[in-house]
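Participant: Work the whole structure out from these sequences, hints included.
Each chain, letter by letter, is given below.
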Amino acid sequence: MKASLLRWSAWAPGIESPAAWETWAKAPAPLPATGSPEAKFLPAMLRRRCTPLTRTMLTAAFGCAEPDELARLRTVFASRHGSINESIGLLENVVRREKLSPATFSHTVHNAQAGLFSIAASNRAASSSLSAQEDSWTAAWIEALCFLERDPREPVLVVIGDVPLADTFAPLVAEAAVPYAFAVQVGTAGRGPVVELELAELDSPASAPPPWPPALEFLRWWLSPEQSLEQENRSSRARWRKG
Amino acid sequence: MSRSPCRLAALGQVSALGRARADVYARLISGDSSRLTLNEQLVPERRLWLGEVHDALPEIPVSLARFACRNNQLALAAFESIAPEVNAAIARFGRARVGVVVGTSTSGVGDAEAAIAHREKTGVLAHEFHYDQLEFGGLARFVAEVSGAHGPAYTLSTACSSGARALASARSLVALGVCDAVVSGAADSLCGLTTNGFAALGAISAGVMNPCSANRDGLTLGEASALFLVTGEPGGIQLLGVGDSSEAHHMSAPDPEGRGAETAMRDALADAGLAPEQIAYLNLHGTGTPQNDSMEAAAVARVLGSDVPCSSTKPLVGHTLGAAGAIEAAFCWLLLAERHGGELALPPHVWDGVRDPALAPIHLAAKGERARAGADTFVMTNSFGFGGNNCTLVLGASDPP
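Just so you know, the sequences run in chain order A and B. The letter at position 243 of the first sequence is residue 243 when you use the working numbering, and the numbering goes up by one with no holes. The letter at position 255 of the second sequence is residue 1255 when you use the working numbering, and the numbering goes up by one with no holes.
Since the hints were derived computationally from the structure, they do not count as laboratory data. Hints are not guaranteed to be accurate.
Every beta carbon over 12 Å from chain A, so not counted as near; a handful from chain B, in silico [unchecked claim]:
1. 1020
2. 1052
3. 1113
4. 1177
5. 1301
6. 1306
7. 1338
8. 1342
9. 1368
10. 1371
11. 1387
Here are the simulated distance ranges between beta carbons [unchecked claim]:
12. B:1088 <-> A:67: 48 to 54 Å
13. A:243 <-> B:1124: 33 to 39 Å
14. B:1120 <-> A:33: 24 to 30 Å
Looking from chain B toward chain A, a few residues come up when the C-beta cut is under 7 Å (computed) [to be verified]:
15. 1136
16. 1290
17. 1291
18. 1294
In this text, all values refer to a predicted model and were calculated from it rather than measured experimentally. Glycine included, each C-beta is placed from N, C-alpha and C at the ideal position.
Facilitator: In structure tokens:
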């Protein structure tokens, strides 16, 4: 499965420019555990409704496309946890038999970031939101290929991000819990630098993943001279290759 | 270029209408809304009608105990009906060639409520609670584990369009050659979060939902699961068209003119290569909220005109949110599978019959109404979700030559 990676953008606390990511990729180190962007490009009214995750993902999204593209491209939003931190408060309301905030409720759908992006960018194109536990990055790429299968003419804007889980659930999940977002424009092969993804059976036990999210490991690899990258998923191995 | 085939080769489903295919079909075409029940527990100081699943649900296997939640039990109930076909696909294509794309808006959040209630009392989460039950990706992982599929497995969650969107992506995975077969559909379960959330939004009907009526006052919630085995084979019942759009309007209210809904329906028709008059039946999103029904009727009247028979099947099973797109595709699948004698029996539009003069004129199917089923018969189903996410599917069946 070949596709083109046309443009990327990423955000983590203190690593906010392409140059900063190039520097990180040369000597990758664990990322800061706290911080979120201001997302000043959003109108104040809208920004007030944005959670840290939404600001983080929309910062990467808006950094990855020209204004006309922001309003036009189809989007795939991926997040392992989505708005679960905001849902915890609602769940506490439910068990205490308190009234829920209708605005908070409608902003905790898993596609909240996609919905707010659509409003902020006046984008009326098709959009998908997904979650696949540790495999969310590979799944996001595959979902973008699905959009390209349906219509190859325009690239797809893929945005993945997460923020650390709140204390209620954090002890239940072993992962590199850092706030981050990564966006890429994925087009059909032949439009730009080529990425090939191959899925293989997991034939040997998984090795320990690096201490940052899989999407950022992909970015590290993309910025490195390495030709290929292997990432372990729950039931398959993703083999990424350049060229 | 015509699309490659996409066969909805096998169907398993469960909803308030039941689990057994013959029962579900009979209740569907008779418009049986007697399966809804009154609940006084979920929302404080409120009685509400719900489309609860009455059937006993299978237990989650002990080896998969970390996935043990009602949402996954609903998915398992649906899966059990297609297990033979899925096993055959894995034997034929290999487990790495069989994928899973499913939708949910709730995942196991009902069980997370119980875990948090336990923490309120004892200071710790219930020990049987696992994060796999709550996270959206857990549903796809559970279906992958229970089916033995090793291909890509992910959960789409775009609120009430999740189930329709899952089928759209399953079709693409097969067309791309990433998979030879995909287990695809959705599961959504009743819980305190969604019932109280929709109550807070003022979106729940005081009685049973009454879609398209002048007296409509909101929705009735429900739960369901439907899973298909999706393959690239010709014949049988095909997923022919997909159309989707975003609203760029509001997080919990549709564009009043229904432009996003119109785009989804037009694109689904174009994708299927069909003219509006070729659609024999439309399963409406039809939630019974004032905003949805007026914008949807306007969009339907513009795209399909006022002759195509339409109905909302939500008064029979409730609005099953993330599963709605899949269970309503399942109902369309059943209609096509049971067509005979050149006729398609239609689910009637169940309501009080009081037309809203402000609603664009659309043809709401009457009790006992049948559509002509030619050699090729096509039906459409709409799903529109919070966050402004719309997805329309077109299914079709052809008589053997």
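Participant: Run every hint past the structure and note whether it holds.
Facilitator: Results for each hint:
no.: 1; hint: 1020; verdict: holds, 32 Å
no.: 2; hint: 1052; verdict: holds, 17 Å
no.: 3; hint: 1113; verdict: violated, 6 Å
no.: 4; hint: 1177; verdict: violated, 8 Å
no.: 5; hint: 1301; verdict: holds, 20 Å
no.: 6; hint: 1306; verdict: holds, 26 Å
no.: 7; hint: 1338; verdict: holds, 30 Å
no.: 8; hint: 1342; verdict: holds, 33 Å
no.: 9; hint: 1368; verdict: holds, 38 Å
no.: 10; hint: 1371; verdict: holds, 28 Å
no.: 11; hint: 1387; verdict: violated, 3 Å
no.: 12; hint: B:1088 <-> A:67: 48 to 54 Å; verdict: holds, 51 Å
no.: 13; hint: A:243 <-> B:1124: 33 to 39 Å; verdict: violated, 52 Å
no.: 14; hint: B:1120 <-> A:33: 24 to 30 Å; verdict: holds, 28 Å
no.: 15; hint: 1136; verdict: holds, 4 Å
no.: 16; hint: 1290; verdict: violated, 16 Å
no.: 17; hint: 1291; verdict: violated, 13 Å
no.: 18; hint: 1294; verdict: violated, 19 Å
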